[in-house]
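Heads up: the sequence lines are chains U and B, in that order. For reference, each letter of the first sequence is one residue, going 112 to 289 in the numbering used here. For reference, each letter of the second sequence is one residue, going 40 to 395 in the numbering used here.
Take the hints with a grain of salt, since some may be wrong.
Claimed, not checked - With beta-carbon atoms standing in for the labels, derived distance ranges: (1) His223/B <-> Gln281/U: 26 to 34 Å; (2) Asp217/U <-> Glu93/B: 50 to 58 Å; (3) Arg263/U <-> Asp289/B: 35 to 43 Å; (4) Ser288/B <-> Val195/U: 48 to 56 Å; (5) Pro228/B <-> Gly233/U: 49 to 57 Å; (6) Lys225/B <-> Leu128/U: 40 to 48 Å; (7) Thr206/U <-> Arg280/B: 46 to 54 Å; (8) Asn230/B <-> Val235/U: 57 to 65 Å; (9) Arg176/U <-> Val96/B: 39 to 47 Å.
Unchecked claim - Below 30 Å or equal to it, Euclidean Cα-Cα: the simulated BS3-like pairs (lysine-lysine) are: (10) Lys267/U <-> Lys375/B; (11) Lys375/B <-> Lys197/U; (12) Lys375/B <-> Lys269/U.
By construction, these hints were calculated from the structure, which means they are not laboratory data. The structure presented is a predicted model; accordingly, all values stated were derived computationally and were not measured. Every residue, glycine too, gets a C-beta built ideally from N, C-alpha and C.
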Amino acid sequence: MQSEVMFAGFGGQGILLSGKILAEAAMDKGMEVAWVPSYGPEMRGGTAYCTVVISDRPIGSPIIRNPMHLVAMNRPSLEKFAGVIKPGGVILINTSLIPISSGRKDVDEVQIQVTDIAKTLGSVRAANIVALGAFVARSKIIEFDILENAVRNEFKKKKEFISLNLAALQEGKKAAQA
Amino acid sequence: MGKILMKGNEAIGEAAIRAGCLNYFAYPITPQSEVAEYLARRMPEAGGVFLQGESEVAVSYMIFGASGCGERAFTTSSSPGISLMAEGMSYIAGGECPAVFVNIMRGGPGLGGILPSQADYLQATKGAGHGDYRMLVLAPASVQEAVEMVMTAFPLAEKYRNPVMILGDGLIGQMMEPVEFPDHLKTEPSNKDDWATNGMDTRKSDRRNLVKSLYLDPELLNSHNLKLKAKYDRMKREEIRYETYHTESDYRVLIVSYGTMSRVCRTAIDELRSQRLDVAMVRPKTVFPFPEQAVLVASEKESCEQVISIEMSMGQMVEDVERSVRGKRQVHWFGKCGGEVPTPEEVIDAIKALVK
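If we strip away everything but chain U, and leave its shape as in the complex, we get (with noise of 0.2 Å):
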């Protein structure tokens, strides 16, 4: 069983480290795991994006053309990927940025505020990780507390983001299933 998350928006947005933690979180589960970025020659503010892949085998193509998931934190970012996900999976939509839908009828949309609830938490950066606990609380893709763990894990160095960041996931999680 293989599943794909891309996690897609503006460069500074923190989507590479979303998508590792995720990564991390998965790999501490014992799977396998690939974390792949886009490096083409963006600038700050051009989008990023990041394709996790999650198997119980070896990854093969670590090239994804059609993943199961999308984060999308702004707007480029939903136009250009909410055609490309397979069918049942979710599209997690950050609505403080992104006014439209996908347009998807065959696919779990999550319509989140994710950038106002990190704000409400005290600092906007932790939208990616508000995001994060929303799609993995929709998604079940992996065990909740092995995600905190890995959560806990990132920011070991800077301990003053842990409870932050975990009050970031809980209120994204809360957000998921209301």
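Dock chain B against the given chain U, drawing on the hints supplied.
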């Protein structure tokens, strides 16, 4: 120790340190600059040296110098940088020094692009620089394999006193995968007293060593080249590495593919077999020496109708595949070279077009 999630470039840097190499010289270039970024911090921690050269040409001679003095040394670069280092590689091979070069390939020719490519196959396997020399070229298909190949490259370079190249595409450098650094691949640098200019302190004799590639006497140069040739022949006998996929059962098409591209082919083969179209693969792990015999034997299977080389180039390895198959089967090529890695779907279409 459990596995850790690492970017290929960082894992390559760490692997060199774990392999006991404490000299790293480099000049930054996408898509492998993270190796230098990582080692700029890690090398001093490990008691080693990182020096950024003023150019790739300079870097290749820093490698030559360190290696000639008996030190393990390595560098990393990407395609245009490797072209600049090619002169040094030739001198290092001529001077019979061990060295490890990592090429994280990007698209070419010229500046090309910064995305993954395998367009330096001929450069790596047939001789980047001038003169009659070859490099042992290892081609990883995952971050873990890149780690293992880097760690293996140092003793191999010392065994042959010759440059060894790790040939990876941009994705191998940029991708993150779980890795571990196997203890059994740690090696002690070989004793180099009989050839290196490493000082007379520990020498038992008062014989002085000279590292050089200049032989003006035609007879001496010829015999020097015969000696080098004997080393490359020995590589062909002792170092060929490859992996097969589904070659034990019948198949109509044989794919030959390496690096990231071979993983895409593996996914395509799984899908094709589920659609009852049997396809198999030989994946060279050394592209020099090339697994000629393995490709020949696999292509000679009675059920095998055609052979196809699938690579991120406009058809380079296909020349080695044709040579290996010796005209016994039709050999085709499929590939892309703009930086986009062909998808499994594109590979499936290419295979289906063959058997129509």
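Comparing the hints with the structure gives:
1. His223/B <-> Gln281/U: 26 to 34 Å: For Gln281/U against His223/B, whose Cβ atoms are near 44 Å apart, the range 26 to 34 Å is violated.
2. Asp217/U <-> Glu93/B: 50 to 58 Å: Once the Cβ atoms are compared, 57 Å apart, the range 50 to 58 Å for Glu93/B and Asp217/U holds.
3. Arg263/U <-> Asp289/B: 35 to 43 Å: At 52 Å between Cβs, range violated.
4. Ser288/B <-> Val195/U: 48 to 56 Å: 34 Å, violated
5. Pro228/B <-> Gly233/U: 49 to 57 Å: 53 Å, holds
6. Lys225/B <-> Leu128/U: 40 to 48 Å: 32 Å, violated
7. Thr206/U <-> Arg280/B: 46 to 54 Å: Holds - the Cβ-Cβ distance for Thr206/U and Arg280/B, about 52 Å, lies within 46 to 54 Å.
8. Asn230/B <-> Val235/U: 57 to 65 Å: 59 Å, holds
9. Arg176/U <-> Val96/B: 39 to 47 Å: 40 Å, holds
10. Lys267/U <-> Lys375/B: 42 Å, violated
11. Lys375/B <-> Lys197/U: 25 Å, holds
12. Lys375/B <-> Lys269/U: 43 Å, violated
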